[in-house]
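Enquirer: Sequence:
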Amino acid sequence: MSYQEEQVADLVGKFKTGRISRREFMRGVSLFGGFTVTAGAIPALLAGCAPPAPSSATAPNVAAGAATPSAAQAAATPAAPKRGGTLVAATIDKPVNMDPAFAELYSSIQVYDNVFAKLLYVTREGQFIPGLAKSWKQLNDTTWEFNLVDNAFFHNGEKFTGADVKYTFDRLFDKTLSAANAIFFTPLSGVEVVNDTSVRIMTKPNWGGLMGALAAFGDIVNEKAIKANDPKLQPVGSGPYKFTEWVKDDHITLERWEKYYRSDKPYFDKVIFKAIADDTVRLTGLQKGELNWIEQVPLQKAEDLKKSTDVKANPTGAFFPDLFLLNCSKPPFDKLEVRQALAWALDRQAIVNLVWFGQARVSAESLSPDNPMYSGQDPFKGAPNPQKAKDLLASAGVSLPIKAVFAAQPQVPTQVQVGQLVQQQLKPVGIDVQVQSFESARWFEELATKRYDFTSTYWSATLDPEHCVYPLGHSTSPWNFAGFKDDKLDAALDKFRYTVEPTERKKAYADVVAQMAQLAPMVFQVNFLRTYWTQPNIMGVSTLPSLELRMEDAWAA
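With the numbering used here as the guide, the letters of the sequence shown map in order to residues 1 to 557.
Since the hints were derived computationally from the structure, they do not count as laboratory data.
Take the hints with a grain of salt, since some may be wrong.
[What the hints assert, rightly or not] Below, computed lysine-lysine pairings styled on PhoX-like, alpha-carbon distance capped at 20 Å:
| hint | residue 1 | residue 2 |
| --- | --- | --- |
| 1 | Lys-159 | Lys-265 |
| 2 | Lys-485 | Lys-335 |
| 3 | Lys-495 | Lys-485 |
| 4 | Lys-248 | Lys-224 |
| 5 | Lys-82 | Lys-166 |
| 6 | Lys-134 | Lys-259 |
| 7 | Lys-134 | Lys-265 |
| 8 | Lys-390 | Lys-427 |
| 9 | Lys-159 | Lys-227 |
| 10 | Lys-488 | Lys-507 |
| 11 | Lys-248 | Lys-274 |
| 12 | Lys-159 | Lys-259 |
| 13 | Lys-224 | Lys-159 |
| 14 | Lys-232 | Lys-175 |
| 15 | Lys-495 | Lys-450 |
| 16 | Lys-265 | Lys-330 |
| 17 | Lys-270 | Lys-248 |
| 18 | Lys-232 | Lys-248 |
| 19 | Lys-450 | Lys-330 |
| 20 | Lys-265 | Lys-82 |
| 21 | Lys-495 | Lys-204 |
| 22 | Lys-495 | Lys-506 |
| 23 | Lys-330 | Lys-485 |
| 24 | Lys-227 | Lys-175 |
Please model the entire structure based on the sequences and the hints provided.
Expert: Below you can see the structure in the form of C-alpha cells.
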C-alpha cells in the first residue's frame with residue numbers, strides 16, 4: 001500500500017467511526033493523493049477499506065497527556081543503565097550550522113546540544129538543575145553569581161573555567177558578528193569572572209527569563225576552539241559527546257567524551273545522527289533495526305504503534321507550536337484586514353484532523369494548557385467564519401481574488417499538507433493560494449530576506465514563551481520574519497520580558513497574546529505533541545520542555 005493509500009485508508013476509518021466529518025473526509029481524500037471525491041463515491045471507498053482496530057483514546061486525549069508504554073515494555077526496564085554500543089538516531093531535517101551563536105534551524109540544535117554543555121538544564125517537570133554551574137544565587141536585582149564545576153574539559157583538551165563563560169557571551173554580543181541568537185540574551189549586560197570557578201552575570205533590572213534562556217540557549221564555547229577551526233562545521237564543546245565526523249547529506253558521528261564532567265555519563269560509545277525526511281522510511285528503519293531512535297512516525301499510524309511491541313513510544317508531554325508567518329512588508333499581507341481574513345477563514349480543527357491525525361490540539365498561542373503561563377485565549381474562536389473573512393477583505397479595498405504563494409519544504413510533509421489544505425480553505429473567501437516548494441536553506445533565505453508571502457512553521461523554543469513571542473514579534477529582532485513593526489506591541493513585549501513576579505508576568509504575557517492575535521503578523525494554529533520513538537530496548541529517552549535531545553541519558557538494555 002502506498003503512502004497516499006495509507007493516508008486515505010486511515011481517513012476512511014475515521015469517517016466510519018465518526019471521528020471526522022463528511023466534509024473533512026472529502027477534503028482529506030482530495031488532499032492525500034489528488035482524488036476527486038463525490039458523494040456517490042464515498043460508499044465505494046468505505047467498502048474498499050477495512051475499519052481500523054478500535055482505539056482506546058480519542059484524538060483530544062492523545063494530546064492531553066503522556067504516551068504510556070505497554071505493561072510488557074515497562075516490565076522489561078532493567079534496574080540500572082548499561083554502558084556501550086552505538087545509538088543511530090534519525091531526525092527529520094539536515095543540520096546546517098553547528099555554531100550556537102548562529103544556528104537558526106532546530107535540526108542543527110538537536111545535534112550540537114549533545115556536543116556543548118550549559119550552565120544549567122531543565123527537567124521534564126520544569127525544574128532547573130545544575131550543569132556546568134553546580135549552584136547559583138541572586139545577589140541583587142541585576143546580578144547572579146554562579147559557582148562552576150572544576151572537572152570539565154573541552155574536547156580540545158582545554159579546561160573549562162569562568163573565562164569560557166565570559167567569552168561565550170562577549171562573542172554573542174560582538175557587533176561585528178551579528179549573532180542571530182543574541183536576541184535571547186539582550187537583557188544580559190555583562191559577565192564578570194570572579195575566579196576560575198565563579199562568575200557573575202549582570203542583567204537589566206527585572207529580567208524574568210534568565211534561567212530559561214541559559215537552559216535553552218546557553219551552550220558554552222571555548223575561545224581557542226572557535227579560533228582554530230570553523231565552528232559552524234567543527235563544533236568543540238565540553239558536552240557528553242565529541243564531534244568526530246560530518247558526511248554531508250548522510251550522517252554526523254559523535255563519540256563519548258571520556259573527560260565529561262559527569263563521569264557516569266554518557267552511556268553510548270557513539271551516537272550517529274541521520275536526517276531522513278520521509279516518516280515511513282524512518283519507521284521502516286526503526287522496525288528493521290537499522291535505526292534505534294526516530295523523531296516522528298507517520299502520524300496516521302501513531303495510535304496503533306503505541307500498542308505495538310516492536311517499537312516504543314517514549315514518555316512525552318512537550319509541544320511544538322505550529323503557526324502561520326505572514327509577510328507584512330509587502331502585499332497582500334501588508335493589510336491588517338487581509339491578515340485577519342486569513343485567520344477567520346482557517347479551519348484549525350480540520351488541520352488537526354487531516355494533517356496531524358489527532359496528534360495535536362488547536363491553539364491560538366505558543367503554549368499548551370499544561371504550562372503555568374498558558375493564557376487560554378482564542379480570539380478566533382468560532383472560525384472558520386467565511387462571511388466574516390469576506391467582509392474583512394471587502395473592507396480592505398483589495399481586488400479579488402488575492403494571489404498568495406505558500407512557501408513549503410518538500411522534506412517537511414506536514415508543512416506541504418498544511419499548505420494544500422489551506423489552499424482549499426482560503427479559496428472560497430477570495431484568496432487564491434499557490435503552494436511552492438523550496439529546499440530548507442532556500443526556504444529559510446526566503447523568510448530572512450522577506451521575499452515570501454506566507455508559510456507555516458513550528459517553533460522549537462518553548463521553555464519560556466518569551467523565547468517565542470519576543471524574537472518573532474519584536475521589531476528589533478533578527479527573527480522578525482513577518483517584517484512587522486508596531487510600537488504598542490513592542491511595548492507589551494518589553495513589559496512581559498521585564499516582569500519577574502509570576503502573576504504579573506502571566507498577565508503581561510496574556511496581553512501579548514491578545515495584541516498579536518489582533519494584529520495577526522503570525523497566526524498560531526496548533527500545538528503538535530512531541531513523541532520520540534525507539535526500539536523497545538532503548539531506555540532513558542523522553543521529551544523535555546527545552547525540546548533538546550539529551551542523548552547522554554539514553555542507553556540500551
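Enquirer: Mind listing which of the numbered hints don't hold for this structure, in increasing order?
Expert: Violated: hints 4, 5, 15, 16.
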